[in-house]
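Colleague: The lines below spell out each chain.
Protein chains: 2
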Amino acid sequence: MKAYNKINEAVLVSLQAIVGEKNVVTDADKLVTYSQDEVTDSRYQHLPEAAVFPETAEQVAEIIKLANRELIPVTPRGAGTGLAAGAAPIYGGIVLGLEKMNKILEVNAENMYMVVEAGVKTQDVQTAAKEAGLLYAGDPSSGDNCFIGGNIATNAGGNKAIKYGTTRQQVYAIEIVTPTGEITELGGLLNKSTSGYSLEQLVIGSEGTLGIITKATLKLIPLPQYKMDLLAVFPDAEAAIDTVFKLLKAGVDPTSLEYMDNGAVKICARYLKESLPHQQDGNYLIITIETNDEDALDDKAVQIDEICNANGAIATLVPDSKKIWAARKAFGDAVREESYIHSSEDMVVPVKHLPHAMKEIAAICAKHSAVGRTVAHAGDGNIHLNILQGDIPAEAWPTKIDEILEELLAFTYRIGGKMSGEHGIGSKRAKWMHKFADPVQLKMMQAIKKAVDPNLILNPGTVFLME
Amino acid sequence: MKAYNKINEAVLVSLQAIVGEKNVVTDADKLVTYSQDEVTDSRYQHLPEAAVFPETAEQVAEIIKLANRELIPVTPRGAGTGLAAGAAPIYGGIVLGLEKMNKILEVNAENMYMVVEAGVKTQDVQTAAKEAGLLYAGDPSSGDNCFIGGNIATNAGGNKAIKYGTTRQQVYAIEIVTPTGEITELGGLLNKSTSGYSLEQLVIGSEGTLGIITKATLKLIPLPQYKMDLLAVFPDAEAAIDTVFKLLKAGVDPTSLEYMDNGAVKICARYLKESLPHQQDGNYLIITIETNDEDALDDKAVQIDEICNANGAIATLVPDSKKIWAARKAFGDAVREESYIHSSEDMVVPVKHLPHAMKEIAAICAKHSAVGRTVAHAGDGNIHLNILQGDIPAEAWPTKIDEILEELLAFTYRIGGKMSGEHGIGSKRAKWMHKFADPVQLKMMQAIKKAVDPNLILNPGTVFLME
Numbered sequence: 252m253k254a255y256n257k258i259n260e261a262v263l264v265s266l267q268a269i270v271g272e273k274n275v276v277t278d279a280d281k282l283v284t285y286s287q288d289e290v291t292d293s294r295y296q297h298l299p300e301a302a303v304f305p306e307t308a309e310q311v312a313e314i315i316k317l318a319n320r321e322l323i324p325v326t327p328r329g330a331g332t333g334l335a336a337g338a339a340p341i342y343g344g345i346v347l348g349l350e351k352m353n354k355i356l357e358v359n360a361e362n363m364y365m366v367v368e369a370g371v372k373t374q375d376v377q378t379a380a381k382e383a384g385l386l387y388a389g390d391p392s393s394g395d396n397c398f399i400g401g402n403i404a405t406n407a408g409g410n411k412a413i414k415y416g417t418t419r420q421q422v423y424a425i426e427i428v429t430p431t432g433e434i435t436e437l438g439g440l441l442n443k444s445t446s447g448y449s450l451e452q453l454v455i456g457s458e459g460t461l462g463i464i465t466k467a468t469l470k471l472i473p474l475p476q477y478k479m480d481l482l483a484v485f486p487d488a489e490a491a492i493d494t495v496f497k498l499l500k501a502g503v504d505p506t507s508l509e510y511m512d513n514g515a516v517k518i519c520a521r522y523l524k525e526s527l528p529h530q531q532d533g534n535y536l537i538i539t540i541e542t543n544d545e546d547a548l549d550d551k552a553v554q555i556d557e558i559c560n561a562n563g564a565i566a567t568l569v570p571d572s573k574k575i576w577a578a579r580k581a582f583g584d585a586v587r588e589e590s591y592i593h594s595s596e597d598m599v600v601p602v603k604h605l606p607h608a609m610k611e612i613a614a615i616c617a618k619h620s621a622v623g624r625t626v627a628h629a630g631d632g633n634i635h636l637n638i639l640q641g642d643i644p645a646e647a648w649p650t651k652i653d654e655i656l657e658e659l660l661a662f663t664y665r666i667g668g669k670m671s672g673e674h675g676i677g678s679k680r681a682k683w684m685h686k687f688a689d690p691v692q693l694k695m696m697q698a699i700k701k702a703v704d705p706n707l708i709l710n711p712g713t714v715f716l717m718e
Numbered sequence: 252m253k254a255y256n257k258i259n260e261a262v263l264v265s266l267q268a269i270v271g272e273k274n275v276v277t278d279a280d281k282l283v284t285y286s287q288d289e290v291t292d293s294r295y296q297h298l299p300e301a302a303v304f305p306e307t308a309e310q311v312a313e314i315i316k317l318a319n320r321e322l323i324p325v326t327p328r329g330a331g332t333g334l335a336a337g338a339a340p341i342y343g344g345i346v347l348g349l350e351k352m353n354k355i356l357e358v359n360a361e362n363m364y365m366v367v368e369a370g371v372k373t374q375d376v377q378t379a380a381k382e383a384g385l386l387y388a389g390d391p392s393s394g395d396n397c398f399i400g401g402n403i404a405t406n407a408g409g410n411k412a413i414k415y416g417t418t419r420q421q422v423y424a425i426e427i428v429t430p431t432g433e434i435t436e437l438g439g440l441l442n443k444s445t446s447g448y449s450l451e452q453l454v455i456g457s458e459g460t461l462g463i464i465t466k467a468t469l470k471l472i473p474l475p476q477y478k479m480d481l482l483a484v485f486p487d488a489e490a491a492i493d494t495v496f497k498l499l500k501a502g503v504d505p506t507s508l509e510y511m512d513n514g515a516v517k518i519c520a521r522y523l524k525e526s527l528p529h530q531q532d533g534n535y536l537i538i539t540i541e542t543n544d545e546d547a548l549d550d551k552a553v554q555i556d557e558i559c560n561a562n563g564a565i566a567t568l569v570p571d572s573k574k575i576w577a578a579r580k581a582f583g584d585a586v587r588e589e590s591y592i593h594s595s596e597d598m599v600v601p602v603k604h605l606p607h608a609m610k611e612i613a614a615i616c617a618k619h620s621a622v623g624r625t626v627a628h629a630g631d632g633n634i635h636l637n638i639l640q641g642d643i644p645a646e647a648w649p650t651k652i653d654e655i656l657e658e659l660l661a662f663t664y665r666i667g668g669k670m671s672g673e674h675g676i677g678s679k680r681a682k683w684m685h686k687f688a689d690p691v692q693l694k695m696m697q698a699i700k701k702a703v704d705p706n707l708i709l710n711p712g713t714v715f716l717m718e
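Chains as they are written, first to last, in the numbering used here: chain A, 252 to 718; chain B, 252 to 718.
Hint data in this document are derived by calculation from the structure and do not stem from the laboratory.
All values reported here derive from a predicted model rather than from experimental measurement.
You can take every hint at face value.
Any copy will do: because identical chains look the same in the list, a pair fits if it lies in one copy or spans two.
Straight-line Cα separation of at most 30 Å, DSSO-like style, residue types lysine-lysine; simulated pairs:
hint, residue 1, residue 2
1, K372, K414
2, K372, K500
3, K500, K354
4, K603, K381
5, K603, K354
6, K610, K470
7, K574, K470
8, K381, K414
9, K500, K478
10, K686, K316
11, K470, K686
12, K381, K497
13, K610, K414
14, K500, K414
15, K497, K414
16, K574, K517
17, K354, K381
18, K694, K470
19, K372, K603
This is chain A alone, in the form it adopts within the complex:
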């Protein structure tokens, strides 16, 4: 690994000259905030030497040029809602926060796009689209806090990806500052293009290692006119999971197809101090359907009811939508309340292997006497397994969780899965990339990183390590 320099007084003065004194933080107390994202395990938290908050892409570019000259690592940061320690500056240096670049620059309803700075909250994007009578289809569970720039950097998925795709599919163009400090707009307001390499596709999901996203042009689509949430309750977890593929095969075309195991249902009810339907023994499938035809909506609902009931549901209800989605979205907080230290996993598997994978995952946790709470973007084969430290002694936890993860990931890759569906590798999973990613591909990724970031300035240690 490259040897980086520390931030000295001269560099600090230069940073202040670029962004103004008020936008440079060096106070140790305040820097703690920028040492971590939502990963609670202190092993993945690292103090930066400074946090800087540029207000324009030009300032970002100046910072990156300075960092290249002085060999100081730069870790871009959105809202810090990541779940893989991708915003933790593992080599110190500069955390570059995008929170002051938070303007919605254009909502073009006529032509169905929106231009936003990277630090706009995803929820604000959704709201602005809706106010224009349109839909922004990205919908991560952390939408009320996370930034759109972070969504793009991690190719966030969320609750509607089964119908609308991940963030990758919601983006026309991104303005980035390259690892060498140049500003360029990748992609375009275009429905298609084969005009050289798809650099926008490469940068999306690269977790701030190939460019800092400063601005995005997002796709908006017509708002579906009719919408319905259904809640299918299964006493048997396996039966719930088995039903997922049957719904997909039937052409139900759900907007959401979410799974919550009974443990997840219980802790979310407790966290929200709410009573949820059949919370004592119910495993949930939350199914959202949308159409532009009222009759078609009813027909789909009947079809879903029949399929779920034929496959072991004890009830298929029209739930209190607000309550049921609040429960689903409270999962992360509820887990944290149950066990502050936990390992939040995000494996994605071929949907056909989902039933098998759920059983195997439960077996691996049981074998290690570990408690796992599970929800899944089931339609996508994307499993959020949170393994609780719970009663495991703090000193035993690092070894224990690594043993469990090694088994889990080995199994995941054996069935054609990958370690992250939407949270990303971050710095937390980088070591596992070296164990489980195809070595030919890892080598290609490293070569690409080195080619576009010769000084390894941008978010080093995230996604993978360099020699």
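Starting from the structure of chain A, add chain B where the hints point.
Modeller: Showing chain B alone in chain A's frame:
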């Protein structure tokens, strides 16, 4: 540019040892076939020294390793239906044809995917999907001839991209042989992933410069149950184009939204020796709609009829589907019949600029007294303008067409467009990349190319030139 070596006797013997004598072609007469794709202008045709036809990915890998050792360029070739001279071996060397890797390996109807070798015809992919009761949504106009591998290498669009996306969206995974001769599968049978850089997205559309695609896992989707083609005929070309965005805005969600100007209608009718509706003065919008509900189909048809008629259509018919699509797909052949030498262009512009762009394009052609025939994947903003050599003297043509193209492309980039929507840059447009692509991005592309193909073995001179 790298200096390459010529193929000597020893290399030839090695090639024969890898693929067998019958799969190595060196006969000058036969090599002519492999000097070109569908670009008829001899300036873009180059004889290879040998054409080789591997039957397995392992053989492809051996050839690439040999080429690296001996510094011989390798140009991968599908069916040779490309329109940008991307398969023309401009530095000679080896043309590597995928035509013997033409097996459909698996059609998995239960789990809705298909695994095919790169040399399978796209039409055969479509047919196999249909036989399994499913849809493969890629649909390039050259579908009855082109190979799926070429579709992926160019990120082919076609007539259904407005609804289903380009080839990029139809692909779960690709097996490639890297530029250094290693076999690896990019992507996976997964609905989402953020597990390192999206190498599959980078390689798709890279026109054989970053890897040779040997196998693909393709997405299949449920077949829509109801389908209707509509033909809206406009006496005024501008009115036809103005209607495109109105249809999109109305949420019609067309599967196809194709434009043919009257010149195109006339030459296609003549080429097919058919009579087409209103062929004397009609500009066409061909609109396909698909639903899973018969009533919804009728409702959409009524809606389309109303919108088109309100915007100047003299008729909105339910045409003879076979005949109308035959006409649309005959465009390339009809142009060739009219003027063997022509420049086949493929600009893509923001859909909002389509009306303006069509007028400007016509004006540029008129200014240069050049005849242009135009069809468009109008819903995508993707314009196929074929500029005919026609009466322009052969010796004046190269200069004249370059003058026209320079104006056309300058205009295209000025309004946020790009030079290729789906045909690719190939070797034909490489020089224009150096003029019109963002220099920062071109530099990134070149750095990536050099990083993964240090000897510049794979399809050099395609997409861009190297120092």
